[in-house]
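Colleague: Heads up, our numbering is the position in the sequence shown plus 18, with the first residue counted as 1.
Just so you know, the hints here were simulated from the structure itself, not pulled from any lab data.
Careful: at least some of the hints might be erroneous.
Claimed, not checked - Listed below are the simulated DMTMM-like cross-link pairs for lysine to aspartate or glutamate, each with C-alpha atoms no more than 20 Å apart in a straight line:
{"#": "1", "residue 1": "Lys140", "residue 2": "Asp42"}
{"#": "2", "residue 1": "Lys52", "residue 2": "Glu22"}
{"#": "3", "residue 1": "Lys161", "residue 2": "Glu22"}
{"#": "4", "residue 1": "Lys52", "residue 2": "Asp42"}
{"#": "5", "residue 1": "Lys161", "residue 2": "Asp57"}
{"#": "6", "residue 1": "Lys52", "residue 2": "Asp164"}
{"#": "7", "residue 1": "Lys140", "residue 2": "Asp57"}
{"#": "8", "residue 1": "Lys56", "residue 2": "Glu22"}
{"#": "9", "residue 1": "Lys56", "residue 2": "Glu135"}
{"#": "10", "residue 1": "Lys161", "residue 2": "Asp46"}
{"#": "11", "residue 1": "Lys161", "residue 2": "Glu28"}
{"#": "12", "residue 1": "Lys140", "residue 2": "Glu28"}
As the list claims (entries may be wrong) - DEER-style ranges, computed between Cβ atoms:
{"#": "13", "residue 1": "Thr98", "residue 2": "Asp164", "range": "17 to 25 Å"}
{"#": "14", "residue 1": "Gly151", "residue 2": "Gly101", "range": "34 to 42 Å"}
{"#": "15", "residue 1": "His126", "residue 2": "Val85", "range": "21 to 29 Å"}
{"#": "16", "residue 1": "Arg87", "residue 2": "Asp47", "range": "24 to 32 Å"}
{"#": "17", "residue 1": "Ala55", "residue 2": "Asn118", "range": "39 to 47 Å"}
{"#": "18", "residue 1": "Leu143", "residue 2": "Ala107", "range": "24 to 32 Å"}
{"#": "19", "residue 1": "Ala136", "residue 2": "Leu103", "range": "29 to 37 Å"}
{"#": "20", "residue 1": "Asp46", "residue 2": "Glu108", "range": "13 to 21 Å"}
Quick reminder that beta carbons are idealized off the backbone N, C-alpha and C, glycines included.
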Amino acid sequence: MLAEAQALWEQFERVHHEIFHWSDGLSDDQLNWKPPAKDINSIGNLISHILGAELFAVVNRIGGLPVNRDRSAEFSHRSTRAGLLQRRAEVEAHVREALNNLTAADLHRVVATRNGEAPAGKFLLYLLSHVSGHMGQVIMTRKLLDSQP
């Protein structure tokens, strides 16, 4: 695997480790609990979105392979521990394969983004920043859940 791709993979693994660590021991009801504020997501929805964003960005945008993603469902469906663990395994396998096939030239190739176009390497760094921000939301939501009487 290309050194840059390996570094990216290690960071995606770090995010996965953290989000599943912070969701460890939660029931399905707790995974779907939302803090009482407007436009706040549950831990399950955040994890679903992190995995969906990674899969779409790395496998589709960078790897050029079709993926099955329903972004709006990531924020509206009821999550289960079993479903999230299965999705994690699937996403990790596909993302690792796409990163394994990445070449140095691919990092400079321009890809479509939500806001236009960017070199793939820059896009992947943005993706890591994006999912890391959501990782922080998972941690904060868990702390809020744990503080409930």
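Colleague: Taking the hints in turn, state whether each one holds.
Modeller: Evaluation of the provided hints:
1. Lys140 - Asp42: Not satisfied, since the Cα-Cα distance of roughly 32 Å exceeds 20 Å.
2. Lys52 - Glu22: violated, 37 Å
3. Lys161 - Glu22: It is violated: about 34 Å lies between the C-alpha atoms, which goes past 20 Å.
4. Lys52 - Asp42: holds, 17 Å
5. Lys161 - Asp57: Holds, at roughly 18 Å.
6. Lys52 - Asp164: holds, 12 Å
7. Lys140 - Asp57: Between Lys140 and Asp57 the Cα gap is close to 29 Å, so the pair fails against 20 Å, i.e. violated.
8. Lys56 - Glu22: Measuring from Cα to Cα gives roughly 39 Å; hence the hint is violated.
9. Lys56 - Glu135: violated, 32 Å
10. Lys161 - Asp46: Holds - the C-alpha atoms of Asp46 and Lys161 are around 17 Å apart, at most 20 Å.
11. Lys161 - Glu28: Violated, at about 25 Å.
12. Lys140 - Glu28: Distance ~17 Å between Lys140 and Glu28 Cα, so the pair holds.
13. Thr98 - Asp164: 17 to 25 Å: holds, 20 Å
14. Gly151 - Gly101: 34 to 42 Å: Once the Cβ atoms are compared, 23 Å apart, the range 34 to 42 Å for Gly101 and Gly151 is violated.
15. His126 - Val85: 21 to 29 Å: This hint holds: roughly 23 Å between Cβ atoms.
16. Arg87 - Asp47: 24 to 32 Å: Since the Cβ atoms of Arg87 and Asp47 sit about 26 Å apart, the hinted range of 24 to 32 Å holds.
17. Ala55 - Asn118: 39 to 47 Å: Given a distance of about 41 Å, which is inside 39 to 47 Å, the answer is holds.
18. Leu143 - Ala107: 24 to 32 Å: At roughly 25 Å between Cβ atoms, Ala107 and Leu143 fall inside 24 to 32 Å, so the hint holds.
19. Ala136 - Leu103: 29 to 37 Å: Between Ala136 and Leu103, where Cβ atoms are some 32 Å apart, the hint holds.
20. Asp46 - Glu108: 13 to 21 Å: holds, 19 Å
Violated hints for the displayed structure, listed by number in ascending order: 1, 2, 3, 7, 8, 9, 11 and 14.
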